[in-house]
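Residue numbers (the working numbering), protein chains in the order written: chain A, 2 to 348; chain B, 2 to 348.
Watch out, some of these pointers could steer you wrong.
Because identical chains cannot be distinguished in the list, a pair is counted as satisfied if it fits within a single copy or across any two copies.
Stated by the list, open to error - Here are the simulated DSBU-like pairs of lysine-lysine, each with C-alpha atoms no more than 30 angstroms apart in a straight line:
{"id": "1", "residue 1": "K28", "residue 2": "K125"}
{"id": "2", "residue 1": "K144", "residue 2": "K114"}
{"id": "3", "residue 1": "K248", "residue 2": "K144"}
{"id": "4", "residue 1": "K125", "residue 2": "K291"}
Read the hints as simulated data drawn from the structure, not as lab findings. Note that this is a predicted model, so its numbers are computed, not measured.
2 protein chains.
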Amino acid sequence: MKSNTISLEHGAGGEVMQALIGEIILKNFHNKSAGSIGLECLDDGSTVRLDSFNNGCELVLTTDSHVITPAFFPNTNIGRLAVAGTVNDLTVMGAKPLALTCAVIVPEGFPLKEFEEIIKTMDKTAAEVGVPIITGDTKTVEKTALDSIILNTAGLGITDSPVRDSGLRPGDKILVTGTIGDHGISLMAHREGFDFDTDLASDSAPLWKLIEPLLKLRTPEGEPVITAMKDPTRGGLANALNEMAAKSGAGILIEEDWIPFKPAVSAACEMLGLDPLEVANEGKAVIGVKPGFEEEVLSILRQHPYGRDAAVIGEVTPDKKEVVLRNRFGGMRFVDVPAGDPIPRVC
Amino acid sequence: MKSNTISLEHGAGGEVMQALIGEIILKNFHNKSAGSIGLECLDDGSTVRLDSFNNGCELVLTTDSHVITPAFFPNTNIGRLAVAGTVNDLTVMGAKPLALTCAVIVPEGFPLKEFEEIIKTMDKTAAEVGVPIITGDTKTVEKTALDSIILNTAGLGITDSPVRDSGLRPGDKILVTGTIGDHGISLMAHREGFDFDTDLASDSAPLWKLIEPLLKLRTPEGEPVITAMKDPTRGGLANALNEMAAKSGAGILIEEDWIPFKPAVSAACEMLGLDPLEVANEGKAVIGVKPGFEEEVLSILRQHPYGRDAAVIGEVTPDKKEVVLRNRFGGMRFVDVPAGDPIPRVC
Numbered sequence: 002m003k004s005n006t007i008s009l010e011h012g013a014g015g016e017v018m019q020a021l022i023g024e025i026i027l028k029n030f031h032n033k034s035a036g037s038i039g040l041e042c043l044d045d046g047s048t049v050r051l052d053s054f055n056n057g058c059e060l061v062l063t064t065d066s067h068v069i070t071p072a073f074f075p076n077t078n079i080g081r082l083a084v085a086g087t088v089n090d091l092t093v094m095g096a097k098p099l100a101l102t103c104a105v106i107v108p109e110g111f112p113l114k115e116f117e118e119i120i121k122t123m124d125k126t127a128a129e130v131g132v133p134i135i136t137g138d139t140k141t142v143e144k145t146a147l148d149s150i151i152l153n154t155a156g157l158g159i160t161d162s163p164v165r166d167s168g169l170r171p172g173d174k175i176l177v178t179g180t181i182g183d184h185g186i187s188l189m190a191h192r193e194g195f196d197f198d199t200d201l202a203s204d205s206a207p208l209w210k211l212i213e214p215l216l217k218l219r220t221p222e223g224e225p226v227i228t229a230m231k232d233p234t235r236g237g238l239a240n241a242l243n244e245m246a247a248k249s250g251a252g253i254l255i256e257e258d259w260i261p262f263k264p265a266v267s268a269a270c271e272m273l274g275l276d277p278l279e280v281a282n283e284g285k286a287v288i289g290v291k292p293g294f295e296e297e298v299l300s301i302l303r304q305h306p307y308g309r310d311a312a313v314i315g316e317v318t319p320d321k322k323e324v325v326l327r328n329r330f331g332g333m334r335f336v337d338v339p340a341g342d343p344i345p346r347v348c
Numbered sequence: 002m003k004s005n006t007i008s009l010e011h012g013a014g015g016e017v018m019q020a021l022i023g024e025i026i027l028k029n030f031h032n033k034s035a036g037s038i039g040l041e042c043l044d045d046g047s048t049v050r051l052d053s054f055n056n057g058c059e060l061v062l063t064t065d066s067h068v069i070t071p072a073f074f075p076n077t078n079i080g081r082l083a084v085a086g087t088v089n090d091l092t093v094m095g096a097k098p099l100a101l102t103c104a105v106i107v108p109e110g111f112p113l114k115e116f117e118e119i120i121k122t123m124d125k126t127a128a129e130v131g132v133p134i135i136t137g138d139t140k141t142v143e144k145t146a147l148d149s150i151i152l153n154t155a156g157l158g159i160t161d162s163p164v165r166d167s168g169l170r171p172g173d174k175i176l177v178t179g180t181i182g183d184h185g186i187s188l189m190a191h192r193e194g195f196d197f198d199t200d201l202a203s204d205s206a207p208l209w210k211l212i213e214p215l216l217k218l219r220t221p222e223g224e225p226v227i228t229a230m231k232d233p234t235r236g237g238l239a240n241a242l243n244e245m246a247a248k249s250g251a252g253i254l255i256e257e258d259w260i261p262f263k264p265a266v267s268a269a270c271e272m273l274g275l276d277p278l279e280v281a282n283e284g285k286a287v288i289g290v291k292p293g294f295e296e297e298v299l300s301i302l303r304q305h306p307y308g309r310d311a312a313v314i315g316e317v318t319p320d321k322k323e324v325v326l327r328n329r330f331g332g333m334r335f336v337d338v339p340a341g342d343p344i345p346r347v348c
């Protein structure tokens with residue numbers, strides 16, 4: 002680690018954050034596993050195995066803080082982001098959400114009306130997937146100490162077959178559940194006062210009901226059709242694909258033309274020189290699917306409003322841990338692990 | 002609610018916070034229970050009941066954010082506070098800690114060396130009770146947006162007999178596991194540069210091993226000897242006793258002379274006009290014990306280093322929800338619900 006203080010990149014979801022986690026957190030936590038997936042897996046959550054479960058079930062535990070600013074943005078607010086983010090972390094682990102926590106840290110002077118609106122939004126978002134919010138914590142700090150509300154949510158789920166981000170095998174198809182880059186770009190546009198197209202809004206959404214039917218799919222040999230799953234939040238699709246490839250020990254070839262983008266996202270990225278693959282999404286999943294089952298998975302996804310734009314975007318290759326993007330003319334480029342999300346504090 | 006913005010008292014553990022939670026959070030969360038103890042109980046955590054448990058077991062989920070400043074204080078730091086705080090919330094619910102989460106929010110410029118020291122302290126504190134830290138989250142924000150590191154921990158535990166804070170019955174003895182006021186007063190002294198006695202340090206400690214043996218105690222009729230439990234953090238002993246009395250529908254009579262105080266805490270409180278009963282503790286529990294069992298409980302507590310100063314401080318009365326303090330001359334005064342902890346940001 003070059004500098005001796007924390008920089009913004011240390012929390013931006015890319016390779017600088019990976020280094021911090023590896024060199025400081027994983028090195029110093031000695032007891033970090035309570036089931037088949039522990040902290041060292043750096044998956045979207047970890048599992049807890051109980052003696053009382055003789056059916057192979059495991060609990061899944063996950064947590065996320067949200068420091069987005071401003072707390073209100075087109076269509077919704079930080080409350081939706083927090084609940085959806087934690088539901089999605091459980092979802093991409095293949096776990097049914099059982100319960101959420103809600104810890105708020107609020108600077109003095111924050112309007113009570115906005116506070117109540119955030120709480121109402123959390124309630125509504127949780128209701129979409131039927132998960133109760135059962136415990137919480139409220140802290141306040143001086144307005145000179147913190148610029149906006151912070152939410153932390155933890156989630157408890159249960160699964161009989163955890164989905165890891167390391168399960169990709171050559172030949173698997175790579176799917177996304179919808180358009181890429183909406184959240185980060187809409188936030189940036191809102192924050193900077195850009196006036197793009199009207200269809201540009203955060204995609205923040207809780208995905209459990211969208212993904213649940215996929216978890217039951219089995220091949221004729223009885224193996225799960227879904228081989229790996231991840232939500233492409235901080236560091237965007239580029240980071241999610243690289244993590245999945247590296248952990249699976251495989252390569253991924255993505256067809257640029259197959260990635261669904263909203264026109265406004267493409268236009269904004271071109272104008273501002275941003276790579277939409279590095280921008281955070283908050284209501285999307287990247288899914289590895291056993292070859293031959295992609296059409297079945299797509300048709301299930303497209304029946305749900307959050308999966309209408311689902312698409313196959315590429316496949317897993319035997320190349321070692323590389324993510325390659327092929328454009329329509331056959332040109333190839335590596336998709337690198339980004340240093341972090343190019344737009345700070347969007348989640 | 003009089004003002005229309007958040008004030009520091011909204012997060013200070015007293016009656017202003019109770020109003021915020023009641024009028025905004027509980028009112029707007031519609032689905033808030035997954036077991037026998039839900040959010041509306043406002044206990045130290047809530048429970049999750051699973052179909053797979055046919056032995057009456059429940060999971061316990063709890064969460065806490067720590068915004069203490071400075072992050073380092075005599076003997077230890079925010080890392081110990083966070084782990085101990087969450088372990089203790091599980092402990093006073095009667096739940097064995099199974100796993101913790103660790104979410105950090107760090108301002109840019111925070112020294113990496115201090116960050117590592119905090120992580121090491123979390124590891125050491127968790128090791129005292131053998132609980133793994135299995136999942137986490139790292140966020141960074143601009144240094145103008147946040148003044149110091151914030152930690153959030155959530156905890157998952159399991160119990161076959163949850164201990165509620167509402168279980169007091171007239172005649173029960175009220176015990177504390179050690180001296181009162183140490184954490185808040187030591188923090189304030191450190192922060193303000195006062196030079197009190199050398200024995201003044203935070204009491205922050207994980208209490209599971211201290212409390213675990215008590216949970217097995219049964220009366221000859223087979224009832225739990227421990228009837229209620231709470232950790233007197235924000236709002237101090239005054240708040241904890243009032244919550245226990247109100248929820249139990251009973252009164253509590255405390256003998257002032259029986260409350261163990263360190264001399265330095267008494268001296269500081271006298272000098273500064275602070276009520277030590279309203280000051281936060283971070284390594285203590287208030288315990289309701291069935292009459293006749295208090296000596297047995299005391300002797301178990303005193304065998305553990307964290308329980309050496311354990312004492313009976315009073316008993317439960319049939320008076321409706323009142324907490325009364327009797328001094329050595331027989332004079333009585335009500336112990337009111339404090340507006341909040343008189344010393345902000347000590348936890």
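We went through each hint and held it up to the structure:
no.	hint	result
1	K28 with K125	between (39 angstroms within a copy, 13 angstroms between copies)
2	K144 with K114	both (17 angstroms within a copy, 27 angstroms between copies)
3	K248 with K144	neither (42 angstroms within a copy, 33 angstroms between copies)
4	K125 with K291	neither (34 angstroms within a copy, 43 angstroms between copies)
Hint compliance for this structure: hints 3, 4 are not met, and every other hint is.
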